[in-house]
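Novice: Below are the chains, spelled out letter by letter.
There are 2 protein chains.
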Amino acid sequence: MARWEPGARERLVMAAVDLFTEQGYDATTVAQIAERAGVTRSTFFRHFPDKRELLVAGQETLSLLLAEGIAEAPDGVTPLEAVAAGLVRVSGAMGPLNRDLGPRIKAAVAASTELQERDALKTVSLAAAMTDALAARGVPGPTAALAGEMGVLAFKRGYAQWSEVDKSAEGTLAPHTLAALEELRAASASLG
Amino acid sequence: MARWEPGARERLVMAAVDLFTEQGYDATTVAQIAERAGVTRSTFFRHFPDKRELLVAGQETLSLLLAEGIAEAPDGVTPLEAVAAGLVRVSGAMGPLNRDLGPRIKAAVAASTELQERDALKTVSLAAAMTDALAARGVPGPTAALAGEMGVLAFKRGYAQWSEVDKSAEGTLAPHTLAALEELRAASASLG
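For the record, the sequence lines run as chains A and B. Heads up: the first sequence is residues 1 to 192, going by this note's numbering. Heads up: the second sequence is residues 1 to 192, going by this note's numbering.
Hint data in this document are derived by calculation from the structure and do not stem from the laboratory. Among the hints, erroneous ones may be present.
Since the list can't tell identical chains apart, any single copy or any two copies may satisfy a pair.
Unchecked claim - Derived lysine-lysine pairs resembling BS3-like cross-links, with alpha carbons at most 30 Å apart:
hint	residue 1	residue 2
1	Lys156	Lys51
2	Lys156	Lys106
3	Lys51	Lys106
All of these numbers come straight from a predicted model, not from anything done at the bench.
So here's chain A without its partners, still in its complex pose:
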């Protein structure tokens, strides 16, 4: 099997996260990121508007894929089955870079208030994308809101499990997010 070869965009993300972790987010410049990645500043700006967006670059794609998976789930499936379809769709787009970066992004975010705020907006946006996609299927408001939040929790818990615990080379994200969703579904029976 061919070794995975990152392109300029991936190298920029990896260089940035390494620098954020080594010397802090505030102290890291675009020039340093570009140099570490072996590209020019112009190349950086062809891929990202600034250093902050770089860390959350995948967010819009994530929201889009989750919503698509939910929208295209077969008629008649339950709300959580539709959420599972969204998680499968998005998991298919998550490769080795995403898994390797998970813990490092978490460390960089934990050390910066600015990144925490950006990361929180990502969380809220993902929930809104799933809730809207479920509502568009005719799921009633409160059920759609609840299932959307469960989708975000399942994504986050599954992603953490995949990127921090399961380091096997061939392991994909989907089984972890689906297991987390099933765990939450079971938990919903013991809320009281």
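Starting from the structure of chain A, add chain B where the hints point.
Specialist: This is chain B only, laid out in the frame that chain A set:
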């Protein structure tokens, strides 16, 4: 019944939200907020570190009250009953200012990316506070996470109902948040 009389802190919040809505968040200065509220700049800085914190000033108090209400719920109650106790505790601290400001804060937040990020972090922090308080009661991780998210949804949905729909002078927040929580509990039975 005596008319409710706002103090300097409350006047600053009302002046700021009015100015954010009239002329935008970015164009509003601390000096303008202080002038509109009829206080000095020094008074502003005795109450808030900057104009952004002003809009989310209540967040830490909110998290604290939610966690306290959950922690002090009687032994043996269900996770959602503990969340309800947290909602009742926090609702008791929400007065006329909070109700009047609800829709205006929402408008100001909708118009500013910076405020959206700060507001998202508030949402995530509230969920974490409730989840941690539930876990401290011995509620298992996935159930605590799910019940914490339901608490945030109930707070937001109930607050919107109270501040945007029920404008009766004597109405308190608690019945709205508890009704929203009950609606979500019922919804959890139809997730599939």
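Novice: Next step is simple, just say for each hint if it's right about the structure.
Specialist: Tested hints:
Taking the shortest alpha-carbon separations for Lys156 and Lys51, only the intra-copy value of 23 Å comes in at or below 30 Å, while the best inter-copy value is 32 Å. For a Cα distance limit of 30 Å, the shortest separation of Lys156 from Lys106 qualifies both inside one copy, at 11 Å, and across copies, at 27 Å. When the C-alpha separation of Lys51 and Lys106 is checked against a cutoff of 30 Å, the pair qualifies both within a copy, at 16 Å, and between copies, at 28 Å.
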